[in-house]
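First to last, the protein sequences are chains A and B.
Just so you know, this note's numbering puts 249 at position 246 of the first sequence, and the rest follows in order with no gaps.
Just so you know, this note's numbering puts 345 at position 31 of the second sequence, and the rest follows in order with no gaps.
No wet-lab data here; the hints were simulated from the structure.
Here a beta-carbon is modelled for each residue, glycine too, at the ideal position from N, C-alpha and C.
Covered by chain B, per the in silico footprint, the following chain A stretches (three or more residues, Cβ under 8 angstroms):
| no. | segment |
| --- | --- |
| 1 | 20-29 |
| 2 | 45-56 |
| 3 | 64-77 |
| 4 | 136-143 |
| 5 | 207-219 |
Computed beta-carbon distance windows for the label pairs:
| no. | chain 1 | residue 1 | chain 2 | residue 2 | range |
| --- | --- | --- | --- | --- | --- |
| 6 | A | G231 | B | I341 | 24 to 34 angstroms |
| 7 | A | D258 | B | L435 | 16 to 26 angstroms |
| 8 | A | P57 | B | I410 | 28 to 38 angstroms |
| 9 | B | K318 | A | I29 | 10 to 20 angstroms |
| 10 | A | A87 | B | L473 | 51 to 61 angstroms |
Below, each chain spelled out in residue letters.
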Amino acid sequence: MSPVVRRKEERFALPGKYLLLILTLICIFLMLLTFGTSIFEKPLNTSLGYVVVPFQEGISRAGEWLSNRSEELAQIRVLLEENARLKEQVASLTEENTLLQQDKYELNELRALMELDEQYGEYKKTGARIIARDPGNWYTSFDIDKGTEDGIEEDMNVIAGGGLVGRVTAVGPNWARVTAIISDNSNVSAMTLVSGDNLIVSGDLKMMADGVISFSKLVDSKDVVVEGDKIVTSDISDKYLPNILIGYIHTINQDNNNLTKSGYITPAVDFEHLSEVLVITDKKQTIASPMENE
Amino acid sequence: MLRKITVAFLILICFLLESTVFSHFAIAGIVPKLTIILTSSFGFMRGEEEGMLIGFFSGLLWDVFFGDVIGFYALIFTYIGYVNGKFSRVFYPEDIKLPIALIIVSDLSYGVLCYILLFLLRGRFDFLYYFRGVILPEALYTIVITVVLYPVILKINELLEKREKGSSQGFV
Numbered sequence: 004m005s006p007v008v009r010r011k012e013e014r015f016a017l018p019g020k021y022l023l024l025i026l027t028l029i030c031i032f033l034m035l036l037t038f039g040t041s042i043f044e045k046p047l048n049t050s051l052g053y054v055v056v057p058f059q060e061g062i063s064r065a066g067e068w069l070s071n072r073s074e075e076l077a078q079i080r081v082l083l084e085e086n087a088r089l090k091e092q093v094a095s096l097t098e099e100n101t102l103l104q105q106d107k108y109e110l111n112e113l114r115a116l117m118e119l120d121e122q123y124g125e126y127k128k129t130g131a132r133i134i135a136r137d138p139g140n141w142y143t144s145f146d147i148d149k150g151t152e153d154g155i156e157e158d159m160n161v162i163a164g165g166g167l168v169g170r171v172t173a174v175g176p177n178w179a180r181v182t183a184i185i186s187d188n189s190n191v192s193a194m195t196l197v198s199g200d201n202l203i204v205s206g207d208l209k210m211m212a213d214g215v216i217s218f219s220k221l222v223d224s225k226d227v228v229v230e231g232d233k234i235v236t237s238d239i240s241d242k243y244l245p246n247i248l249i250g251y252i253h254t255i256n257q258d259n260n261n262l263t264k265s266g267y268i269t270p271a272v273d274f275e276h277l278s279e280v281l282v283i284t285d286k287k288q289t290i291a292s293p294m295e296n297e
Numbered sequence: 315m316l317r318k319i320t321v322a323f324l325i326l327i328c329f330l331l332e333s334t335v336f337s338h339f340a341i342a343g344i345v346p347k348l349t350i351i352l353t354s355s356f357g358f359m360r361g362e363e364e365g366m367l368i369g370f371f372s373g374l375l376w377d378v379f380f381g382d383v384i385g386f387y388a389l390i391f392t393y394i395g396y397v398n399g400k401f402s403r404v405f406y407p408e409d410i411k412l413p414i415a416l417i418i419v420s421d422l423s424y425g426v427l428c429y430i431l432l433f434l435l436r437g438r439f440d441f442l443y444y445f446r447g448v449i450l451p452e453a454l455y456t457i458v459i460t461v462v463l464y465p466v467i468l469k470i471n472e473l474l475e476k477r478e479k480g481s482s483q484g485f486v
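Chain B extracted, bound-state conformation (with noise of 0.2 angstroms):
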């Protein structure tokens, strides 16, 4: 229970900063992605399932808030918490090299995915353009985001798993 209300407030409080504060800090108007290094993150970290939920619900704001239709984003965000999911049989806490992979990779395919599904089907051909000039970027920017945001995801998640831990040891 104490996870489900960190887990909604830390979607909500990502999503604030990436609509709020960030869009006036936005760098030659690229504004990072929050909401993904959140999913990509817990995906690794907690499996499947919780990436799934935590990209379906920060999808669905997005789409609430700034889509053309619901559903768009949440099922991008969706298929990148599963993704990542699958990657946390091989994850180890210490290690930051693969986060920081996934996260770019996340970030990228997201780019990629926006660029043809809304780009690429109005008939907007110049793909190295717009990978130059926004997807490129926004990835960088995230990265150097995901440098100060992950050890605080990661400190939060240790923080429920060693309570969890404790609660559970007691009952048993």
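Just chain A, with the same shape it has in the complex (with noise of 0.2 angstroms):
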């Protein structure tokens, strides 16, 4: 019996590294394809997405379920505290809404007057429901329930509890992959809202842990920006429109060169604690490039 075991298991050696080669080969084959393309993307997108999507709906409110639960319990305390200091801010809000109010009305006056569009009105929203979340540990995705056949594409901007929450990066039919702005490999164009200098904001692994992210590139020559100021999308964005919230400075540095300051932004959307985003079906209009006009 031995004999014929062993001589299966030697058969089986040579084709193992035939098919190492073969896999390996099909790996970098579709690595250099869906680098610069997204020709396999659809397809796989499709099929994976009927297949895995309805399961991950399910676990995931499974799982949510459970982990609100744990939660609930360990944290009445809190929200017993929490809820009577927020009534407090609801109080100061409602106050500060209806002064805010009046001046809103006050713009709308001297818009019309001005003869102004009303340039970044509301944007068209859709809700959608985390489903799944990158396993990798080393970047900040996920999959939300919608895709193209609920109107997503590519490129729309996320967001939750009026802050960004990122950008969709993939699309399936019934599914749609959001890349975080806490991402590592996440770069945002922004802009300070009280001097609109430009500045870079981009997620980072290291400061993750506490809950910030980093900016940088910020020119501000006359030193107005200051901690606590708010920061937002800017105009010049190509992926993201403009005027949406980002966050708030947490700390701010001179740089070297004595030209630049960077520092670290506390985003406005709780990370950690998201089920729920908003997509913006609207998407930036972006000028046609003039190649391919001619």
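Got two chains here, separate frames each, mind docking them using the hints?
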């Protein structure tokens, strides 16, 4: 019996190497192909989407329920305190809101006078639920339960709780992948609300534990930007719609070159407890490149 | 055939668990790698070929749903399956030390490879930070899960092998 088994093993040893070679070549070929184009992505996204996504939706809901229950028990006291604090905040915000309403009324009047269009009015949005998260521990991305069938396209912006979450980087028929702005491979062109100075907001795995993301290349020659200032997406970004809140400046430092500043931003979104997001179905209008027109 | 279906289900279940349930129970943002446990255990239980194929397909699932390019994780996982398959000649089901050691080494090398390819090449040089903050905790968490998951995988494989043996003897 044993020599037969041995021979069988030896006969399999050679194809092993070939199989490894074949699989390696397939992987490299796929990588090269998908790096520049998206030929393969569509069939794969579609077929796997139909197999995996329904399960993800179900299990994710169950997992969320479980973690919510365990968190509920742990957090009741904290929540009570937070509730009292939030009630105070609601009172002050209501007051602020009335003031702002008055300002807005005035603004609309003035805009009408100046014959300006409402430039950044309401964007069209659609809600989506997070069904899976990247288990890779290196980058932060997640899947949502809406795709091309619901009108989602690549590069659409995703927000939650009034702040920017990220943008859609891949779509299937019934799911889409959102890469978060806190992901280490994400860069967002942003500006300060106070002075309109541009800066680059980049995700940073190292700072993720502290709940902040880094920013750089802020030109602030008049020193008007201070900690706590609002950072929003800039007008010149070609993927992000303008004036979406990213977060607040946490720390700010002068760079060694004495020209630019960098530091950290506290994001407006609580990425740890994100379960529902809004996808803005309006896309940033980009100018067609002159090459295409010629 | 039964083996193929069972293994396909195992891959799917492991991928689903790590991307949904375990991401809710992530400790310090670290998710254990069930698919690495699966790839590497089938590698040393069944040999290079099966390890490679399981690695390839679970990597492909990762690539489609979370990867920047398709084929990146598939390649890493294929090699994990292949290298683990090399140890199938010294594997005994009764021995728990070798599987644990192999899974730790697989997960660590996966982490280091990811660091080199995804981070070092983009100029993030603080290897020690990433090793302590991501790679090591991930390996430890994965080992804790291995203690629970590995016996299950071993049992499933034993049942499959028993069935295959029975049917092949029936044919002879």
